[in-house]
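Just so you know, the sequence shown maps onto residues 55 to 153 in our numbering.
These are computed hints drawn from the structure, not numbers from a lab.
Where is the CB? At the ideal position from N, CA and C, for every residue including glycine.
Be aware that a few hints might be false.
[What the hints assert, rightly or not] Distance ranges between label pairs, derived from CB positions:
{"no.": "1", "residue 1": "GLU117", "residue 2": "LEU59", "range": "29 to 35 Å"}
{"no.": "2", "residue 1": "VAL107", "residue 2": "GLY140", "range": "33 to 39 Å"}
{"no.": "3", "residue 1": "LYS57", "residue 2": "GLY140", "range": "28 to 34 Å"}
{"no.": "4", "residue 1": "HIS72", "residue 2": "ILE128", "range": "32 to 38 Å"}
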Amino acid sequence: MSKDLHRYLVAYDISSDHRRSRVSTVLQSYGYRLQYSLFEIEASPTRIERLLVQLENEISIHEDSVLIYDLGKIASARKRNILQLGALIDPQAEGPIVI
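Using the sequences provided together with the hints, build the complete structure.
Laid out in structure tokens, this is it:
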């Protein structure tokens, strides 16, 4: 199973505070908040399909936007291919991280 895990980067732009809160709650159950509207998720493609269904039920398709970037299989990546400037981010830290 772990060989099928992919790393995903999820960004959102939600116009309603209420919907934004619900989307954030859904994403927190799948991964780690990196920035206010940016999450990192490690999951199988099947689990991401379930996430898509949940998100479709929470957003307004005419007003909101959710982008999901597949960064590839975790097993094939020898290291994280993410560059960072500024304060070190611990994706497993509690609460939002502001950079």
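Here is how each hint holds up against the structure:
1. GLU117 <-> LEU59: 29 to 35 Å: This hint holds: roughly 32 Å between Cβ atoms.
2. VAL107 <-> GLY140: 33 to 39 Å: Distance hint for VAL107, GLY140 holds at roughly 35 Å.
3. LYS57 <-> GLY140: 28 to 34 Å: Holds, at about 33 Å.
4. HIS72 <-> ILE128: 32 to 38 Å: holds, 34 Å
In this structure, none of the earlier numbered hints is contradicted; all agree with it.
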